[in-house]
Amino acid sequence: MFASPTVRVSLLFVAVALAGLVFADIAITTSNPWRDLGRFFLGVVTPDFFSTEGLATALLRTIAFAFVGVALGSFFGFILALVYKAYPVRMFCAFIRAIHELFWALIFLQFFGFHPLTGVLAIAIPYAGIFAKVYSEILDEADPEPARLLPPGTGAVATFLFARIPDCWVQLRTYTAYRLECGLRSSAILGFVGLPTLGFYLETSFSQGLYSEAGAMLVLFYVLIATMPLWVRPKALPFYLVAAPFFLGEGLPIVWGNVARFFTEDIVPAPLRNNEGLTALGSWFGDLMISEALPGIWNTLLLTQIALVATGLLALLAFPLISTHFGGPVRRTSGHVALVIARSTPEYILAYILLQLWGPSMLPAVVALALHNGGIIGHLIGRQTNGIRLRPDAPAGFNRYSYELVPRVYRGFLAFLFYRWEIIMRETAILGILGIYTLGFYVDSAIQNIQFDRALVLILLTAALNIGIDALSRYIRRRLALQTMPTC
Amino acid sequence: MAGFDLTALTASFGGERVIGPLSLTVEAGQQVALVGKSGAGKSTLIKLIYQRVAGHAALVPQELGLVNALPVFHNIYMGRLDEHANWYNALTLIRPFRKDREEIRSLLERLDMKEKLWVPTASLSGGQRQRVAIGRAIYRNAGLLLADEPISALDGPMAHKVMTLLCERFQTSVIALHDVEMALAYCNRIIGIQDGQVALDESSKRLSANDILNLY
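Chains as they are written, first to last, in the working numbering: chain B, 1 to 488; chain Y, 1 to 216.
Check the hints yourself; a few may be wrong.
Which bits of chain Y does chain B cover? Going by a derived footprint, with three or more residues having C-beta under 8 Å, they are [unchecked claim]:
id : stretch
1  : 51-63
2  : 66-72
3  : 135-142
4  : 147-160
Keep in mind the hints are simulated off the structure, nothing from the lab. Quick caveat: nothing in here was measured; it's all calculated off a predicted structure. For every residue, glycine included, the Cβ atom is placed at its ideal position computed from N, Cα and C.
Construct all of the structure, not just a fragment, from the sequences and the given hints.
Written out as structure tokens, the structure reads:
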């Protein structure tokens, strides 16, 4: 078994994560974490839907930002997908999607302020990069034969409309709908940097210990996501799209002077701005690298690797919950509910809640990342096992799990896990804003200290790190011949 | 384009020659049946001819090349995308014009499947799918037909009906057929392919089924 390359790669990653645990700061620092956790769960089961009138508005704003952001992202992503073969386009898309929505929001906040444009662009820009990549992959999958059979002289537009689009229409639609769900999550967490969406109210209620109020918001958010198939209808979409821009709220007006100053002064490295020469720039950069960038990168990598392995373990443990090869309908239904809750909760919100309850360390972040991503992969793998037909005399219980199912789904499992590696790293970096010492922490502190030049360098480093991990992940997937369609 | 005169037809897969080098001349008015064992190179030859005439022929490939998500109507309409402006084609995708609807409906009537006009091709049977590909080739209005086993999934009466229709609509054609009787009945020239070379080339009047079976 140890001769199998997939097993060897898995063991290597487990070993790295275990070594990482030695250096990682994993502790529960609050005096009474379990009592707080209990009070929180009590809040979730006794939600108070009528405490603030802001709740309905927050929900409406969350949906509006998601719709406008995802619609713009999908539109421009589609256009970019048409020219995705060009190397500069690929690089541009890789770059804009390597920067997390919250980082984009933090950047735009500095010069657009609390204007709706900040939230819309924070979603639309990284989503356009993701849409461009996935749309172009889907379009490449279309059967090339019909286009070859067209009469010579058929125009490019007609060829595209008849021979390409219809063949991948269903995949395009499914993926866009999935992204809209992600957009709702992104929109919700934008509230944590002050935009008027769900996260804002969640943070307020939580910090005041109003757990029933926070519980109500979470419950409503789950309902919103779980009922998406009911209210996101093709016929209703044009209505939503036209209406959404009107529900973004007023925000504060844009001060264009700030925009100009941001680009011409704020983000120019301080030594250049003050004409201190290249030596000063060198020491400025060196200081930034040693005191902020390197510790940030180290912690980000450490947390990513631990969270990745924890995600994998959790997914492997969780998939039997929804697999038809185990248990009865009751267990499967509750398993479904558990996995839907795990994957519907944005990592950021999970991490925020756990940090409040357990105190600042890497532990809440690892648990949050593992719960969310493990929930997603567990769900996909569980569904995959339902397509497997076992022989009638196949073993039951743990033997069925370990001999019949895991070996069959393991390659698919690894493919999903490596696919999410980059996503986990993006999230790890951003969780720094909550006070864990990853790159996001240093970005956030630089912004708090009004050092946008430093913040921008750190954000660019984060993007570079993401692009690197993405390349490494693709290399490993290619070496192990793992294939995935982008469904997660 | 009706007939063609091609020389140095050759194709290799993985360094192994599967066809040619051979020359082939087909005059306007010749209806050619390609016969021979499976694997002799008939499909490759048909694809090769299609490439060399630069697409100026109606092609029915073995894998049909249908857009599964589109209804029968649009799959057939695709045969004439070049004749209309982009806006016309785009509108047709949403709501076809009456003139095209009627023309394609009457074509489908000849193929015995006019009730399937708006059914997505994904949900059709193998024989129905084959007839859609044939419908597209006929609608294409080219002077030359290239077809690779176009009746392999059709039952007896339907196969005869389709072959009659093809002969009526195309004066010039090259059709790969594994059914020797059909080849003799509907084509006026028989070309036998063996190991990538022409092993037999005769008017069908001067051949009997037994002469051809030697190739198999």
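- Among the hints numbered above, which are violated by the structure, and what are their numbers in rising order? Number 4 - this is the single hint that the structure violates.
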